[in-house]
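Enquirer: Chains as they are written, first to last, in this note's numbering: chain A, 10 to 206; chain R, 10 to 206; chain L, 10 to 206; chain E, 10 to 206.
To be clear, the hints were calculated from the coordinates, so they are not data collected in a lab. Certain hints may be false.
Where chains are identical, the list cannot tell them apart; a pair therefore holds if satisfied intra-copy or between any two copies.
Said to hold, decoys possible - In silico lysine to any residue, SDA-like type, Cα no more than 25 Å apart, as pairs: (1) Lys151 <-> Leu48; (2) Lys151 <-> Leu32; (3) Lys154 <-> Asp33; (4) Lys151 <-> Gly43; (5) Lys151 <-> Asp80; (6) Lys151 <-> Leu122.
Protein chains: 4
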Amino acid sequence: MSSGRLEAFTDAVIAIVMTIMVLDLRPPTGHTFGALHPLVPKLLVYLLSFTFLAIYWNNHHHLMQVVERIDGRVMWANMGLLFFLSLTPAATDWLGPNTDTTAPVVVYGGVLLGSALAYFVLAQTLLALHPADSPLAQALGKDWKGKLSVVAYVVAGVVAFAVPEAAIALDVAVAVVWLVPDRRIARVTLDRPPEDS
Amino acid sequence: MSSGRLEAFTDAVIAIVMTIMVLDLRPPTGHTFGALHPLVPKLLVYLLSFTFLAIYWNNHHHLMQVVERIDGRVMWANMGLLFFLSLTPAATDWLGPNTDTTAPVVVYGGVLLGSALAYFVLAQTLLALHPADSPLAQALGKDWKGKLSVVAYVVAGVVAFAVPEAAIALDVAVAVVWLVPDRRIARVTLDRPPEDS
Amino acid sequence: MSSGRLEAFTDAVIAIVMTIMVLDLRPPTGHTFGALHPLVPKLLVYLLSFTFLAIYWNNHHHLMQVVERIDGRVMWANMGLLFFLSLTPAATDWLGPNTDTTAPVVVYGGVLLGSALAYFVLAQTLLALHPADSPLAQALGKDWKGKLSVVAYVVAGVVAFAVPEAAIALDVAVAVVWLVPDRRIARVTLDRPPEDS
Amino acid sequence: MSSGRLEAFTDAVIAIVMTIMVLDLRPPTGHTFGALHPLVPKLLVYLLSFTFLAIYWNNHHHLMQVVERIDGRVMWANMGLLFFLSLTPAATDWLGPNTDTTAPVVVYGGVLLGSALAYFVLAQTLLALHPADSPLAQALGKDWKGKLSVVAYVVAGVVAFAVPEAAIALDVAVAVVWLVPDRRIARVTLDRPPEDS
């Protein structure tokens, strides 16, 4: 079983999740620049969620380039990732105007944590299907960025009870760390023929 | 006629159906954890619908791997399946806060039943196009899971008039049975070259 | 320039147009079977619009199988078709509860007419790019079904001022005529190798 | 790394952005032709936004045909373009009934400007990855249309403070200039084998 259709389906779901978030970017009834004011935090939270989803798409894309085969378990692990990612718009919508309140910040961080764990499960499921010396195994290596992200999200969840804004700053920091494309995998794929992706 | 574009279109529709359901996951105006309380049953029903759609996508994916040709009839049978699946968000939206009420439970089960029947029609339409000893025919076999599901949905529809929650439990049970990837087809595809999917 | 990405984009737009229509299938606040009553005409109109979009997708799919090359003009003609198809949800939403009123019926028929004309322009643009003895030219032939549909939509638009329901019946009749897959093209593609689609 | 999946993801996002704009094309509660009156400016603005998104898709499609390789930077530049394009529905929604008011016109023009700059960055990122005599470098050439568009959007933003309608006219003029497919790239791709796209 090759991964072509799994990738196509994942692309479609992530593209939709990304895009339906803009349905909540509604300007108020006024038509002056001042009317845009309450939209600013919403736009920034949208940008953050867009970035997280873009990171997942990028990493998924890199990951799939070194995958040689998938099975039913991988398909379900991938569905688990898509489920958590699909909760992003609801969490974003709640966080938008409430960045200084504990509950929305914790819920938003919880969706990030769930997505990170689901991605970890997906990577492990794939590893179990590939030999220890496969390009995938080499590419994933120790996955310290993945593990660090999980720790950061848990810390952010605790911090949110004291200073919600600090928890968001921690979430942003994780995004920045991931913005650098996954060089581990890029390194492995460099020597492969271009038709591989 | 190969099935490439039919699969791509099906992927897109299922991805959208899955994802627009989250548009109904709106937290109330409060911003405490307590405000999330009414969202819990909605989230569980969303998870159930997401799982059903994921099962259909998985089974469709497995099915198409052993399909050798399609025709106009197959395209319409597939559209029938997509039509019933597209009713899932509306049924989910109604069931969400009303899991203890007969009508929403019956309507939700009706959408599941319609989808199951449409999938059965799709499989039969494909069978009519393939020889009796084709991988597809071997893979589908007696299709007892498909037939059992239809029976379970009908029973759930009757039970819902007495105990709505029991009907939902029956729907969940069907989902659990299907969560195991379709080994019938997996078995047949195991020996085929990887480029087949 | 091959048509691969044009088809993928068209698939995505039609899939989304089809699916966002269900966002208007909202049950009222009640939770009895009676609460579903006002939903029945909406569901029937949704089924009609779904069928029209499925017909366009099917015909587009068949058409593209005999297309050998496209150019910038074809891409814009295709965008014109997508624009008119994208108006379907708005027209469907208005027609849903107003099937006995002239204006919504005329507007709905106008979207059908615009889509039919845009498809005709797309076919002509493709014809201008292919030799007179190409499979495409043979497949399209005289295109009497396309021309008849345009006439029927115009007649329906006039009839709607007297008896709106009769105009809808005419629209349904056109859909039924198209439900039969386009045998003209199916005939031509029969002898082509399976990897063509 | 080939660009196949990047294109597929871009197609999906643009298709969704295009299509969710129609969710705002809601007829008022009346059901006469007069009830459609307030919809006319909204429909025209939708047509303008649809055209801009179609232009970006067309240009992206032409661009990717001469791209020989991509890297992580290209993927992020592409995400930047998708982010600005995804703001189109919100800007369109605000502009729809307010075409004579400064703020919505400036914001709409700002989204156009952001998209144009993001496309410029994408093109430059691709150029940095290809040799100076590559088909891509030849195809992009001096990119005077891209630079002219940026200047026009900035002028429109200033003009909007005096005469909002004149700013919109300028935006429309840019769209008209782009409606002609990118002959620079079409010229280069003409001699390439058809399987290139």
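Enquirer: When no copy is specified for Lys151 and Leu32, does a C-alpha distance of 25 Å or less occur within a copy, between copies, both, or neither?
Expert: For Lys151 and Leu32, neither the intra-copy (39 Å) nor the inter-copy (37 Å) Cα distance is at most 25 Å.
Enquirer: My question is about Lys151 and Leu122: at a cut-off of 25 Å on alpha-carbon distance, are they close within one copy, between copies, both, or neither?
Expert: Within one copy, since 19 Å is at most 25 Å while 42 Å is not.
Enquirer: Tell me, please, which holds for Lys151 and Leu48 at an alpha-carbon limit of 25 Å: within, between, both or neither?
Expert: neither (41 Å within a copy, 38 Å between copies)
Enquirer: Is it within, between, both or neither when you check Lys151 against Gly43 at 25 Å Cα-Cα?
Expert: neither (49 Å within a copy, 39 Å between copies)
Enquirer: Have a look at Lys151 and Asp80 and pick one of within, between, both or neither, based on CA distance no larger than 25 Å.
Expert: both (23 Å within a copy, 23 Å between copies)
Enquirer: How would you label the pair Lys154, Asp33 (within, between, both, or neither) given a Cα cut-off of 25 Å?
Expert: neither (31 Å within a copy, 33 Å between copies)
Hint violations for this structure: numbers 1, 2, 3, 4, all remaining hints satisfied.
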